[in-house]
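Asker: One line per chain: the protein sequences are A and B, in this order.
If you count the first sequence from 1, position 90 lands on 90 in my numbering, and the numbers rise without skipping.
If you count the second sequence from 1, position 77 lands on 351 in my numbering, and the numbers rise without skipping.
Incorrect hints may have been included.
Here are the simulated DSS-like cross-link-like pairs (lysine-lysine), alpha carbons at most 30 Å apart as the crow flies [to be verified]:
id	chain 1	residue 1	chain 2	residue 2
1	A	77	A	111
2	A	155	B	320
3	A	151	B	411
4	A	75	A	151
5	A	155	B	411
6	A	235	B	342
Now the in silico label distances, taken between C-beta atoms and shown as ranges [stated by the list, open to error]:
id	chain 1	residue 1	chain 2	residue 2	range
7	A	127	B	363	38 to 46 Å
8	B	319	A	128	32 to 40 Å
9	B	409	A	198	45 to 53 Å
10	A	77	B	363	46 to 54 Å
The set of hints was computed from the structure by calculation and includes no laboratory data.
Quick caveat: nothing in here was measured; it's all calculated off a predicted structure.
Yeah, the Cβ is synthetic: ideal placement off N, Cα and C, and Gly gets one too.
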Amino acid sequence: MRAFVPLPPVICALLLAAGLPASATAQGGKAGVQEFDPRAFPGQMVDDVIVPVPSEVFTVLDKLGSPNWHQEVRKEKPPKTGDRTRLSLLFGVTVAEGFVAVQAEDKESVKDIGRDVIDLATALGLIKSVRPHAQAILDAADKGDWASIRKEFDKTQKTVRDAMDQMKDADLSQCVSLGGWLRGTASVTSVVTKNFSADSAELLNQPMLVEHFLARIERMGRDRREHDAVADIAKGLKTILARMEGAVDGFTRDAVRDIGKVCESLLAEIRNVK
Amino acid sequence: MIFTVTLLRRAALLLAVCLLPVLPVFATIDDAHSFAMEAAIPFVKKGFIVREDYWNGEVKSGQRLMVKHQMFKGNEYAFWIGCPEDDAEFELTVLDEKGVEIALDFTASQYFASMRVNPPRSGTYTVIFSVSSKSSKSLYWALAYGYR
Numbered sequence: 001m002r003a004f005v006p007l008p009p010v011i012c013a014l015l016l017a018a019g020l021p022a023s024a025t026a027q028g029g030k031a032g033v034q035e036f037d038p039r040a041f042p043g044q045m046v047d048d049v050i051v052p053v054p055s056e057v058f059t060v061l062d063k064l065g066s067p068n069w070h071q072e073v074r075k076e077k078p079p080k081t082g083d084r085t086r087l088s089l090l091f092g093v094t095v096a097e098g099f100v101a102v103q104a105e106d107k108e109s110v111k112d113i114g115r116d117v118i119d120l121a122t123a124l125g126l127i128k129s130v131r132p133h134a135q136a137i138l139d140a141a142d143k144g145d146w147a148s149i150r151k152e153f154d155k156t157q158k159t160v161r162d163a164m165d166q167m168k169d170a171d172l173s174q175c176v177s178l179g180g181w182l183r184g185t186a187s188v189t190s191v192v193t194k195n196f197s198a199d200s201a202e203l204l205n206q207p208m209l210v211e212h213f214l215a216r217i218e219r220m221g222r223d224r225r226e227h228d229a230v231a232d233i234a235k236g237l238k239t240i241l242a243r244m245e246g247a248v249d250g251f252t253r254d255a256v257r258d259i260g261k262v263c264e265s266l267l268a269e270i271r272n273v274k
Numbered sequence: 275m276i277f278t279v280t281l282l283r284r285a286a287l288l289l290a291v292c293l294l295p296v297l298p299v300f301a302t303i304d305d306a307h308s309f310a311m312e313a314a315i316p317f318v319k320k321g322f323i324v325r326e327d328y329w330n331g332e333v334k335s336g337q338r339l340m341v342k343h344q345m346f347k348g349n350e351y352a353f354w355i356g357c358p359e360d361d362a363e364f365e366l367t368v369l370d371e372k373g374v375e376i377a378l379d380f381t382a383s384q385y386f387a388s389m390r391v392n393p394p395r396s397g398t399y400t401v402i403f404s405v406s407s408k409s410s411k412s413l414y415w416a417l418a419y420g421y422r
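Based on the provided sequences and hints, a complete structural model is requested.
Answerer: Structure follows, in structure tokens:
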């Protein structure tokens with residue numbers, strides 16, 4: 001069961017007293033079109049954000065053009081470490097890399113990434129629950145069954161995050177999501193920069209996700225929040241958020257490139273095992 | 275003394291066995307998700323990819339809930355809500371950042387409901403939903419989504 005954050009009763013009471021309809025609808029006024037304010041919604045907000053998998057964005061990029069996904073695949077093995085925070089970030093990065101390899105329909109890279117997933121899950125002590133998915137990825141790669149591989153990468157990530165949540169380590173689970181989002185976003189910025197258009201650049205309009213990550217980092221235990229990689233990610237996310245919020249009239253190519261650079265530097269930091 | 279304890283244990287066991295068939299079978303959150311997945315079947319046949327992650331919980335009958343969700347222009351999305359209550363009634367819609375309803379083709383059946391969205395731009399959207407029942411005050415729910 002997920003946690004709910006009830007709306008402050010005072011706000012609910014004020015809204016109801018003002019005679020607002022029970023349903024939240026467009027709110028017009030003489031002063032022009034008002035933005036819908038979810039905080040003023042007379043109901044409960046589910047305090048849980050689902051982070052899109054990279055392929056949700058990649059499919060749109062495919063519809064807008066023909067990106068060369070082979071150029072985006074990186075054949076870097078994740079570094080070995082015993083640092084569970086870094087391992088979790090690397091796990092997310094590696095699964096996202098899997099989505100890039102699937103988009104490129106690159107069998108060998110998918111298999112290599114499947115093996116990296118096994119190594120990382122072993123290091124995290126989660127191999128038992130991950131092995132069936134990793135095996136399914138390897139089997140489907142032989143058949144070139146890209147739809148199944150996509151599904152298994154999604155399942156792999158969920159299985160690992162669920163296992164971490166069950167072990168009362170939601171912070172690690174967030175690190176998996178963070179790593180995945182950074183790698184996915186780095187790929188998107190790379191593709192968009194190479195063939196810039198307003199429509200493709202708009203895919204980077206994701207401030208709610210960045211705010212969500214920042215809020216989750218803020219709620220992490222002190223040790224994890226002050227971890228080198230996590231602290232750097234928090235700083236980098238603030239820069240990315242400023243870029244997103246500054247793109248009122250759409251993203252420029254420079255803004256996209258800047259977001260990409262920040263993502264790349266954070267990915268380098270994640271891989272920087274001391 | 276030992277004889278009395280043994281007798282009491284046997285009586286308790288007998289009582290439990292006798293009561294077993296008359297105890298109600300309680301629905302779970304997993305059932306709610308199963309129904310949401312049942313709602314997804316026709317969409318999967320049309321090429322939608324179902325995400326593994328989903329929202330779920332327990333809520334007071336009729337209580338409106340909302341989630342914020344990132345969607346991308348160019349994708350079509352479908353949302354499926356499930357509830358394992360025989361007389362469940364659903365409300366499910368999506369609002370854009372100005373509060374305008376953009377959900378399409380809402381359909382509902384006994385245990386689930388669905389709707390589609392073609393986001394007009396990439397950004398944050400608000401999914402609003404509720405589940406109501408005349409027979410239960412508290413209901414399990416699950417909300418899943420897919421894209422194509």
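Asker: Please go over all the hints and tell whether each is borne out by the structure.
Answerer: Tested hints:
1. Distance check on the hinted pair: residue 77/A and residue 111/A sit about 12 Å apart at the alpha-carbon level, within 30 Å; holds.
2. Among the hinted pairs, residue 155/A with residue 320/B is consistent with the structure: their alpha-carbon atoms are about 21 Å apart, no more than 30 Å.
3. As the CA atoms of residue 151/A and residue 411/B are separated by approximately 36 Å, the hinted pair breaks the 30 Å bound.
4. With a C-alpha separation of about 22 Å, the suggested pair residue 75/A and residue 151/A falls inside the 30 Å cut-off, and the hint holds.
5. Proposed proximity of residue 155/A and residue 411/B is contradicted: the alpha carbons are some 33 Å apart, above 30 Å.
6. Among the hinted pairs, residue 235/A with residue 342/B is consistent with the structure: their alpha-carbon atoms are about 24 Å apart, no more than 30 Å.
7. About 44 Å separates the C-beta atoms of residue 127/A and residue 363/B, a value consistent with the hinted range of 38 to 46 Å.
8. Range check, residue 319/B to residue 128/A: about 34 Å between beta-carbon atoms, so the 32 to 40 Å window is met.
9. In this structure, residue 409/B and residue 198/A meet the distance hint of 45 to 53 Å, their C-beta atoms being roughly 52 Å apart.
10. The hint said 46 to 54 Å for the Cβ distance between residue 77/A and residue 363/B, and at roughly 53 Å that hint holds.
Hint compliance for this structure: hints 3, 5 are not met, and every other hint is.
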